[in-house]
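So you can see what is in the structure, the chains are spelled out below.
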Amino acid sequence: MNHNSLVRIVGVLTATCLAFTHAVRADETCNSPYISKLIKGQEDYVYVWTLGVDGMGDGFDKLVTVDVNPKSKSYGKVLHSVSTGTRAEAHHMGFTDDRRQLWAGGLSENRIWVFDIATDPAQPKLVKTIGDLGDKSGYLGPHTYYALPGRMLVQALSNTRDKGGVTGMVLYSNQGKYLASYAMPTGGGGDGYGYDLAVNPKKNVLLTSSFTGYANYMRPLGDLIKDGEAMKKFGNTMVVWDLKAVKPVKTLAVPGAPLEIRWSLNPKHNWAITATALTSKLWLVRQDAKGDWQAKEVGTIGDPAKIPLPVDISITRDGKGLWVNTFMDGKTRYFDLARPETPRQTYEKVTGKQVNMISQSWDGKRVYITSSLLANWDKGGADNEQFLRGFAWNGKDLTQAFEVDFAREKLGRAHHMKLGSKALRSAAAGG
Amino acid sequence: MSALRALALLAALGCAQTSGAHKGVHAGAPLAEPDFVPPAPGSYTLHRIMAAPDGKVLGTDGRPQSLSRFTRDQITLLGFIYTTCADPEGCPLAYRVFDALKDAIAAAPKLHGKVRFVTLSFDPARDSPEVMRQYAGSRAVEKKGGLRWYFLTTASARELMPLVEGFGQDVRVTYDRSGARRKRELSHVLKVFLIDRQGDVREIYTSTFLYPRLVLNDIETLLLEEAGERHGAAILK
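Chains A and B, in that order, give the protein sequences.
Going by my numbering, the first sequence opens with residue -8, and the numbers climb by one from there.
Going by my numbering, the second sequence opens with residue 24, and the numbers climb by one from there.
Keep in mind the hints are simulated off the structure, nothing from the lab.
Hints may be right or wrong, so weigh each one.
[Stated by the list, open to error] According to the in silico footprint, chain B covers these stretches of chain A (three or more CB under 8 Å from chain B): (1) 25 to 32; (2) 132 to 143; (3) 150 to 157; (4) 161 to 172; (5) 305 to 315.
[Stated by the list, open to error] Derived pair list, reagent style DSBU-like, types lysine-lysine, alpha-carbon separation capped at 30 Å: (6) A:Lys238 to B:Lys137; (7) A:Lys168 to B:Lys137; (8) A:Lys194 to A:Lys154; (9) A:Lys238 to B:Lys133; (10) A:Lys168 to B:Lys79; (11) A:Lys194 to B:Lys125; (12) A:Lys217 to A:Lys168; (13) B:Lys79 to A:Lys193.
None of these values were measured; they are calculated from a predicted model.
C-beta: ideal position from N, C-alpha, C; glycine also.
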């Protein structure tokens, strides 16, 4: 830390006339409840974790920063990108609890790239690569990066032994030190598969979902769906864990590959919702009158016979609305969740020829959509659009505000998004 | 059994209001009980998350000392505060939880001499050793069967910031523009750190699960771990 930074810090501390503590219970709609810094106003950046494409630019996976502040001169433009120097099926990412770092990984190998987003939020910097996940745990394909206080809990999709779907979670310190591994349960109805995880600290519950292993997700989708045996190797369960002990408590039958998990952020709620990729259903997870956790199918997304393939969901901050993206038909749907037992679709719009991730601002007025699912599952030819699109939502209609064409910009396949803000520049960095 | 006595006392304290020199700041709604049955002490693992950072701090007597003097050789519960903090979900909550735990530990003889509390200010400009002494009130005085509760500050931000960053404790400036004049505010998220005898951070509590019952279970888990290590060492001899 240099002298000028220290002087600023002293100034910051001494100039404080009114000191408040903000105890944060939730983040902008889909992050860990332990993440400390909310962006409740206008976000400045969308970070897009982007799969490299051979022959497109440098061909490597990269973190792309897009300016999304309408008041900025570079609104809707790429500000910065950091290449990893490799192509490893870039997929998801997550903030550490202090929101100083963004952890991102690929599904085809076991490295985790750690980006500093606090020193200069407009220009993330690759500061560390964690490479021991496979050696330490035997798991493969880190997917979800979930902040716990001082730690990151990483959900993997596969394993290094047979590259099937039996997998587990890996716990790291924020400094990148391996701490522990936890196998997904294979007894008591468990299939051992993993996908997403999300916690409810009030109930001491960790909830996990299930997808499929490397042997399936790295295979061309056209081949995969013709292989009846391979199609049996998808997860059909969710698991309720004791969060404190990280021990499985109950396995819930949720057939059809339940993917993203969203707990309602409403402090009065204690339920979570998920969507099943293969069966196109919404499932609600909540406690019954006896306090036992149960999963219940509560809704249908599009026409399941046409396999719309719901791939991502985003819950509103009040728990009363849910966005659902379906990859195959390129539709973005909105469900009224006022009664979570009976979700009701109230809106839909084709937002791309293929759509995958969906994120929303804290106030729900801005919605961001990307295009890529997996390198070998994306569509071909003219349908293989690769983009980040920003939309305005007025409660009745989505209106496109900007688009970044990731193919034309020679960036790659646009996948996971996280929001950034200038205001999150760390004090230690001189802010 | 002393642990049961401690838990019973915690239940009683859950309905008690805090009293003392800073009642206006520290008082609040009754401490909440967890809405779940916590796992039993010793039935889970508290991982060594990181080594507690070290640096120079000031006691209420103004004497500079190393923080490691207060984070080694006993189980330590450490929380950052600033004395002007008024958010009931922030520093005052930590204070009330520490208060409840202090009484619970006093009621559990097997915990005597094994636990200390540290309250460290991250506002050195305001929180001088004298201010911290006033903030502490009678709590800094060790009573028979109780524990030592240290109230520390730093000489300046130069000494403070390495500790704040080392623990991963957020402090940042926000601006309140709701009034006629823009006001600068100091913002942080409550974190309380459980540190073992070796100086390793073993748990980090936030307001979402800072329950005295959970903290007491974790302290007992560390003691059971130590007992297990001693037993293993004895077998190997």
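Right, here's what the structure says about each hint:
1. 25 to 32: holds (count 3)
2. 132 to 143: Since three or more residues must qualify, the claim that chain B covers the stretch 132 to 143 of chain A holds, with 3 doing so at under 8 Å.
3. 150 to 157: As far as the stretch 150 to 157 of chain A goes, the hint is violated, because 0 residues have Cβ atoms under 8 Å from chain B.
4. 161 to 172: As far as the stretch 161 to 172 of chain A goes, the hint holds, because 7 residues have Cβ atoms under 8 Å from chain B.
5. 305 to 315: It is violated, with 0 qualifying residues against the three required.
6. A:Lys238 to B:Lys137: 29 Å, holds
7. A:Lys168 to B:Lys137: Holds, because 28 Å separates the two Cα atoms, which is no more than 30 Å.
8. A:Lys194 to A:Lys154: Since the Cα atoms of A:Lys194 and A:Lys154 sit roughly 34 Å apart, the hinted pair is violated (cutoff 30 Å).
9. A:Lys238 to B:Lys133: 29 Å, holds
10. A:Lys168 to B:Lys79: 26 Å, holds
11. A:Lys194 to B:Lys125: Holds, at roughly 26 Å.
12. A:Lys217 to A:Lys168: Violated, at roughly 42 Å.
13. B:Lys79 to A:Lys193: 36 Å, violated
Hint compliance for this structure: hints 3, 5, 8, 12, 13 are broken, all remaining hints hold.
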